[in-house]
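Top to bottom, those sequences are chains A and B. Numbering of the first sequence is given in this note's numbering, commencing with residue 130 and proceeding in unit increments. Numbering of the second sequence is given in this note's numbering, commencing with residue 130 and proceeding in unit increments.
No lab work stands behind these hints, which were simulated from the structure alone. Don't take each hint at face value.
The list treats identical chains as one, so a pair stands whether inside a single copy or across any two.
To be verified - Straight-line alpha carbon distances no greater than 30 Å define the calculated DSSO-like cross-link-like pairs of lysine-lysine that follow: (1) K167 to K400; (2) K290 to K258; (3) K212 to K372; (4) K400 to K372; (5) K154 to K133; (6) K362 to K212; (7) K133 to K212; (8) K340 to K274; (9) K212 to K258; (10) K400 to K258; (11) K340 to K258; (12) K362 to K380; (13) K258 to K274; (14) K380 to K400; (15) K290 to K133; (16) K362 to K400; (17) K212 to K400; (18) K340 to K400; (19) K290 to K274.
A quick note: this is a predicted structure, and the numbers were derived from the prediction, not measured.
2 protein chains.
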Amino acid sequence: MAAKFEQLGLIGCGLMGGSFALAAKRAGLVKRVVGYSKSPSTTERARQMGIIDVEAPSALLAVSGADLVLLAVPVSATEATFKAIRHLITSNMLIMDVGSTKRDVVDAATRVLGNNLGSFVPAHPIAGKEVSGVEHADPELYVGKQVILTPGPKTQVNHLKRAVELWEGMGCHVQQMAPEAHDAAFAAVSHMPHLLAFALMHAIINQPMGKDFLALAGPGFRDFTRIAASDPKMWRDVLLANKLEVVEQAKMFQRSLLNMLQMVEDSQGEKLEGMIEQASNSRSHWRMGQKGK
Amino acid sequence: MAAKFEQLGLIGCGLMGGSFALAAKRAGLVKRVVGYSKSPSTTERARQMGIIDVEAPSALLAVSGADLVLLAVPVSATEATFKAIRHLITSNMLIMDVGSTKRDVVDAATRVLGNNLGSFVPAHPIAGKEVSGVEHADPELYVGKQVILTPGPKTQVNHLKRAVELWEGMGCHVQQMAPEAHDAAFAAVSHMPHLLAFALMHAIINQPMGKDFLALAGPGFRDFTRIAASDPKMWRDVLLANKLEVVEQAKMFQRSLLNMLQMVEDSQGEKLEGMIEQASNSRSHWRMGQKGK
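One chain only, chain A, in its complex shape (with noise of 0.2 Å):
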């Protein structure tokens, strides 16, 4: 049986809040939406869709009265967004957030939160759009993703039950795994992603014939520069928020990339395949959200 809630306190209503507003409701696992964001104009849009009952003039009046808040905000405004909303916390609330990042969020509100801290399932939806904003929010974002939670030793086991089930009744797959794991991981298989995404778009529209060149681009390089597209606030956060991954994932990458370069410029054809392959079984293998062997 999925959780029901009475009303979702919702502080932010962009792609991922407002998605999960709707993702809720259309589930019956949320009775009433009482939404804010920083943008009055957000707000009032999200009002307008259906996506919030009610338009709350603060982060704090947004929590009141609500059995289950959601922090759908950049992860850079975490710990100024708890300290908001933290005087009208109860311990029955179950509190979640939905940050690309997981041990910076859990910091945050070991610092702000005190004696409610176990109220707090740190939840991390492994879904998004390269489009950000309420005009985007989807009923379907959260629909077959996994979601993964990182709970810590405060945190009160009922709220850990009720957080897996709502995901769960929004059709999602739930995992549970540590902070560090958790963004070691997705420093990994995310954050290099958009990063070398991002560097790549960037060395071809600095050269002199970079529009040329694009103009030529095919279908490989649309998929493989999709994520460039992604938000640049908010990648500009996450990639500050999971400095320490980011750094370490991005020296075990240039190991493999520069040996690469380095068989190329020696026409090492033999070695230079070998690596190719591995890379290319391993991918070939692969499917999204199964374990591998």
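Please build the complex by placing chain B on the supplied structure of chain A, with the hints as guidance.
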């Protein structure tokens, strides 16, 4: 009006060659296909699949009696193939290749073809799949795709004209450019993305937790690494054949990447956002097959 050919001599009956034969026959541009592949089982399979009408026991015999010859072999095999067939090449024959690098192919043709160099119209259809082999041949592979022709000063005008008509007759958009410009462009928009995708996969799978990380990867990773599943032999050849331009593009990429990483390490949020924004804007406005502003 599209050109009509009596007999296509197809050398290499894999994905690219097989798809060409199927498309040309379907469009009524070619009446009969005589095919040769290094592996007899591939040639036999191509005949069983109706891709070729007659199996030739050698590349030379595939050329005999043809008015159109397509080399669809790995770029590293181009020179040897030219040598194998040169004694039966006539000035009335249109000869093309489908290689993803052009300077090395043009150089090989110049060395081998002598007075018949004018028959050769170097071609690069920008199409492919991650899977290779005759069993994936597909008459739709080239439809709507760009084809780059890189004729030289000795190319016969009538052959160039027939080559343009042939590809257009199969639904392609044809462009002409110098081999050097072609190779720089594709190093930037195709060879670098492949190299980066190979290197990232390689770096991830060689970490102790790599397989667990991969199980968490989402749609962004899926699209970014799709090309990492490409054929190792083919990509070894492409990277080696276009070594100079790949190394040049890699330098420019490294400048962008190391800049961004330094900004991450130094928490220079504003600068980092500026670089991401430039990349994101360019990618958002890019459309496949469209000239930039």
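- Could you place K362 and K212 in one of the four classes (within, between, both, neither) given a Cα distance threshold of 30 Å? within (22 Å within a copy, 57 Å between copies)
- Item | Intra/inter-copy verdict for K340 and K400 if alpha-carbon distance must be at most 30 Å | Between copies only: 23 Å across chains, 34 Å inside a chain, cut-off 30 Å.
- Task: Pop the pair K290 and K274 into one bin, within, between, both or neither, using alpha-carbon distances up to 30 Å.
- Result: within (18 Å within a copy, 51 Å between copies)
- Item | Within, between, both or neither, where K258 and K274 count as close if Cα-Cα is 30 Å or less | both (13 Å within a copy, 26 Å between copies)
- Query: How would you label the pair K400, K372 (within, between, both, or neither) given a Cα cut-off of 30 Å?
  - Reply: The answer is between: 15 Å across copies meets 30 Å, while 32 Å in one copy does not.
- Using 30 Å as the alpha-carbon threshold, which applies to K167 and K400: within, between, both, or neither? between (54 Å within a copy, 24 Å between copies)
- With identical chains treated as interchangeable, where does the CA-CA distance between K290 and K133 reach 30 Å or less: within a copy, between copies, both, or neither? The answer is within: 12 Å in one copy meets 30 Å, while 70 Å across copies does not.
- Query: Is the C-alpha distance from K362 to K380 at most 30 Å within one copy, between copies, in both cases, or in neither?
  - Reply: Both: 24 Å inside a chain and 27 Å across chains, each within 30 Å.
- Message: Treating 30 Å as the Cα threshold, decide for K340 and K258: within, between, both or neither.
- Response: both (25 Å within a copy, 25 Å between copies)
- Query: Using 30 Å as the alpha-carbon threshold, which applies to K212 and K258: within, between, both, or neither?
  - Reply: Answer is within; shortest intra-copy Cα gap is 29 Å, inter-copy 51 Å.
- At 30 Å max between alpha carbons, let me know whether K290 reaches K258 within a copy, between copies, both or neither. The answer is within: 28 Å in one copy meets 30 Å, while 44 Å across copies does not.
- Task: Can you give me the call for K380 and K400, within, between, both or neither, at a CA distance of at most 30 Å?
- Result: both (21 Å within a copy, 21 Å between copies)
Violated hints for the displayed structure: none, as all numbered hints are satisfied.
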